[in-house]
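Starting from the two chains in their separate frames, assemble the complex, guided by the hints.
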Amino acid sequence: MSLRISLLVSVGRNPVSGTPRACRNDVAALEIARSLAGELTLLHAGEVGNPGLADYLAYGADRLEVVPASPDSDIVAALADQLGNTDLILCGSRAEDGEESGMLPYLVAQRLKRPIIGQALSLTIIGDHVEVTQFLPKGARRLVRVALPAVVAIHPRAPVRPRYAFARKRAGTIVALAPATGSQASPWHIEPVTRAPIKFKAHKKEAGHSRMQSAIASVSKGGEVLTEGSAAEKAQAILAYLRRHRLTDH
Amino acid sequence: MQDAPIPRRNPRRPAVLTAAGLKRITLGEQGEGSVFGAALPAEAAAKPIRLTTEPSSALLAVVHADRGALDGHARQVVAAAALLAEPSDAVVVLVFGALSDDLAPLGADRVIVSPDEAWRPDYEVACLRAAIDQVQPRHILFPDTEAGGGDLGRRLAAIEGDAAAHVAELDRSCATTRRRGGRLAARRALPKILLLDPDIVDPDLPFLGRAETASLALPVEGSGKLCDLGRQSVPAADLPLEEADFILSAGNGVADIPTFLSLADAFGAAVGASRVAVDDGKFPRAKQIGATGKTVSASVYMAIGISGAIQHLQGIKACRHVIAINSDASAPIAKRADLTIVADAQDVMRHLLREMTDPGRNDMEEGS
Numbered sequence: 001m002s003l004r005i006s007l008l009v010s011v012g013r014n015p016v017s018g019t020p021r022a023c024r025n026d027v028a029a030l031e032i033a034r035s036l037a038g039e040l041t042l043l044h045a046g047e048v049g050n051p052g053l054a055d056y057l058a059y060g061a062d063r064l065e066v067v068p069a070s071p072d073s074d075i076v077a078a079l080a081d082q083l084g085n086t087d088l089i090l091c092g093s094r095a096e097d098g099e100e101s102g103m104l105p106y107l108v109a110q111r112l113k114r115p116i117i118g119q120a121l122s123l124t125i126i127g128d129h130v131e132v133t134q135f136l137p138k139g140a141r142r143l144v145r146v147a148l149p150a151v152v153a154i155h156p157r158a159p160v161r162p163r164y165a166f167a168r169k170r171a172g173t174i175v176a177l178a179p180a181t182g183s184q185a186s187p188w189h190i191e192p193v194t195r196a197p198i199k200f201k202a203h204k205k206e207a208g209h210s211r212m213q214s215a216i217a218s219v220s221k222g223g224e225v226l227t228e229g230s231a232a233e234k235a236q237a238i239l240a241y242l243r244r245h246r247l248t249d250h
Numbered sequence: 001m002q003d004a005p006i007p008r009r010n011p012r013r014p015a016v017l018t019a020a021g022l023k024r025i026t027l028g029e030q031g032e033g034s035v036f037g038a039a040l041p042a043e044a045a046a047k048p049i050r051l052t053t054e055p056s057s058a059l060l061a062v063v064h065a066d067r068g069a070l071d072g073h074a075r076q077v078v079a080a081a082a083l084l085a086e087p088s089d090a091v092v093v094l095v096f097g098a099l100s101d102d103l104a105p106l107g108a109d110r111v112i113v114s115p116d117e118a119w120r121p122d123y124e125v126a127c128l129r130a131a132i133d134q135v136q137p138r139h140i141l142f143p144d145t146e147a148g149g150g151d152l153g154r155r156l157a158a159i160e161g162d163a164a165a166h167v168a169e170l171d172r173s174c175a176t177t178r179r180r181g182g183r184l185a186a187r188r189a190l191p192k193i194l195l196l197d198p199d200i201v202d203p204d205l206p207f208l209g210r211a212e213t214a215s216l217a218l219p220v221e222g223s224g225k226l227c228d229l230g231r232q233s234v235p236a237a238d239l240p241l242e243e244a245d246f247i248l249s250a251g252n253g254v255a256d257i258p259t260f261l262s263l264a265d266a267f268g269a270a271v272g273a274s275r276v277a278v279d280d281g282k283f284p285r286a287k288q289i290g291a292t293g294k295t296v297s298a299s300v301y302m303a304i305g306i307s308g309a310i311q312h313l314q315g316i317k318a319c320r321h322v323i324a325i326n327s328d329a330s331a332p333i334a335k336r337a338d339l340t341i342v343a344d345a346q347d348v349m350r351h352l353l354r355e356m357t358d359p360g361r362n363d364m365e366e367g368s
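Residue numbers (our numbering), protein chains in the order written: chain A, 1 to 250; chain B, 1 to 368.
Coverage of chain B stretches by chain A, computed from C-beta distances (three or more under 8 Å per stretch; other residues unrestricted):
| hint | region |
| --- | --- |
| 1 | 196-203 |
| 2 | 238-251 |
So these bits of chain B aren't anywhere near chain A, every CB distance computed over 10 Å:
| hint | residue |
| --- | --- |
| 3 | Pro5 |
| 4 | Thr53 |
| 5 | Pro87 |
| 6 | Ala126 |
| 7 | Lys317 |
Hint data in this document are derived by calculation from the structure and do not stem from the laboratory. We put the CB at the ideal spot given by N, CA and C, even for glycine.
Extracted from the complex, chain B is given alone in its bound form (with noise of 0.2 Å):
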């Protein structure tokens, strides 16, 4: 009688090192070579990039930037052009503003930007229209925002017409809009110009794009009829905080309330506050930010002495750069912020307020 044949396994098997040890689970994993808890990062960095061949079609995502980056909703319809590009399109991304963020994790190929801030809607369309004719794309998407690609998308669209406005839901084949405050679906067969509602598309790929930089023979400014007379801001105080911009934040690490007040006016932020602030009285009910308050959207959130509960980050959650002060370097804001400083708010406060009202003193106190 023969023995039965000794199972043999690689030792050196793909692990991962967690707190109770070496983990050899590898369901599924072949090859060899040990990944010491590095698993993730190396498969992050070992996305393959989507276009494989020349391409011998298009299609174009039409985007303003901010501030030279994208924002949540821009990025999303560069996404959603990516996950609509068959094998053989390229993707190309028109860009209206200084841009500095990489698309390549968008799954943009070609990238042309018109680095130009002032609104000129028929000169964009213009550039719009040297781009269809440059690069004939099958379809074209916009983010269908109040400003910026709504406007322009529909100045499109009335133009070139089979359009699809308030796009709600997006696969291959269809787009589906919503009506009647979102009773009824009306479902058509991809249109050429998409315009999309904000968060109907995942933006994390699994592939990237080649995102290399393309140029654009722009048309000669012609003489529109409309005219920039520049833009004003609305002073943070008189706005809403669901619309402001930049919020700065008290909790109930902050005791010294003129100061935070006069920081928030040196910053022109708007002010929000944490529950226990406004159940402490220091803050009216109105300014209250979290789960039973106010849902804000703001590109910077300062939060000050906020350990940050999870009903505070519920209405944080569309922010995009959030920066916070706590002295407890554990507290839950500090996995939330972008920025975290660990110290007592009063003193950073204090000199927060001196470096923006007075630069040239406080250079010389530390010189001293």
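With the rest of the complex left out, here is chain A (with noise of 0.2 Å):
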């Protein structure tokens, strides 16, 4: 039997003008389900006739199925529900518009009890393994397995080239499935932006002094100097810096 893979979309909105579009999380996310061997089902949450849907199947998918909801509907347990018999869900990182906080992968993996990889670059399907290359900072990738049924959501700089094509725009199908049916009370209260965030600093009680103190005075930041030495001991200083500091393995 092959392989279910179900792709949780979302409908990204261009930055600039505000147009709804696919989201680039998910069309990477798109293009790697794309590559794997087995039966991908596209699955989302929210109005059936936002005209960002149908960019995926432009993107590549055939069908898209679309749980119908509401802004303040219950979207993971929707999830969740159509989700229960797929081995494999892949999904962006992070949405672009909504709550866009990176949660939902974790929640619906919470939810169906699976184990969850994120930041993912690519994957393999080894048998019901799946090996997973993860994003990590400065230069470094990780390299995970994971037994199937998993959850894996993939990191924007993942290594793919999406196409989008209009002639498979308009041969692809979108498809309303039951709605969602429990809703939830969001405890976010949205307002235009009218200020430039404000950073959290502590308070600070000082006497006229110390604030002339610091208007006056600087505080030379500068390290250490070497001037003295021959180029073999000055070498030798900046391999024990290195080493000081856990920089170098030599």
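Listed below in structure tokens is the structure:
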């Protein structure tokens, strides 16, 4: 029996015009999902008629299933109901609209009691396991193996090149499923941004003297300066510094 | 008629020693004694300890240490916990990975270290839940990083609920995030779990923490479903400069480009350059670091033959350790660098290269 793969997609927004479009992260996940051998289903929870959804068809999906949901629906429960018998759940790491918290893959995984791997750059399926290369900062990568079924969230830097084709957009279909039932009250109060964020800092009660001090005196920040010695000793000093701070293996 | 009283002034009242002589600028300063030029360090040493009584509740900051130290983002999260704490709250820090930093200046009262390098998220969540059971924190703070804190925080948030991720603004009562590319702000009362974005907190605190070491009954290792097969690093040459961890950068003072490139190869470092070196055609434009080039955030930035114009220093603001090799000790890079070597770049590069490739031979030469 072939592998059942589900891809969770959201609707993104053009950052300049605000027009609905496919979410960049989810398109990367779609490109990876298309390269895997298996039966792929795309799933979205939200408004069925959203014009941004058709972009996923253009990027290569044949069929997109939509759970009709309003912004206050409990979409995690609705999605989890549809995902009960899938082997691999893929999604982008963060949405471009809505809460944009990057929490959804973790919530879905927790609800279905499945392991989750975030920040995936590429994945290969080996038997009933999946091997994931994870993105780490500073040029590091990590290889992780996990038994299926599992949830994998794709990192935006995944090395894929999605291609948009208008013909595919016309050929694909969008299907509505049974609407989401549960609802959730949101604790968030939303307003337009009117000012830059203020840094959280300590309120300092300073006497005039110390405020004057900090205004007139500058703390010299320069580090150690090595002038004396031969070039070999100076090279040793650099290596000693690197070793002292555990920055090199030499 | 009585004379007006003569104003009395303490001739030994606090003063600072400046280039122009002794200055008696003593706005608002009380007390006696003279402090000659030492006003700033003395004050810095005399920070009070925040927690004066036995704590009745706690805040928990969870961070990952890298090579024994906390990065800027992790330090901000610990400081944020100290700033959120009420007088009766202890600030408990749970550190994954070995730690050699002192966390007292960041306001940490109790430090729990779980010295473990492999990535086992199920075990980390178990440790975290054991710590939560022991400490009973009001809030749990994580750095919202791509690896480590961001992942662990979301795992916990999925279990516990009540969380805010990508917090872009924090104060004592509410957390704010940005939506739709920064056009909308979403605000809510402080949830239990907070994942903080970088640079939203100033880690400079006017008080100290107790920084006691605490221990935790670590849970037994379960059989996690995830198996870490190890880390790989991308060759530095293939890496974009912005992502590189070790950068060797050349400026006008580097004449011997082949030695420089083989040194970068020996260190496994990415290659950068200053504007002058790029303009001379020694390096491609993509290697330029600075205001018109790239902004980098490496752990080690080695500037060879770079004087450090302000435009160049802008590009290396986020670098952790800066090492400069320059023939001029008064160049501006010396103010930024943690270690400045005043020497001709060519000689030092040659010796460094010999040390890196063949350390034994160099020792013999020095001995003879």
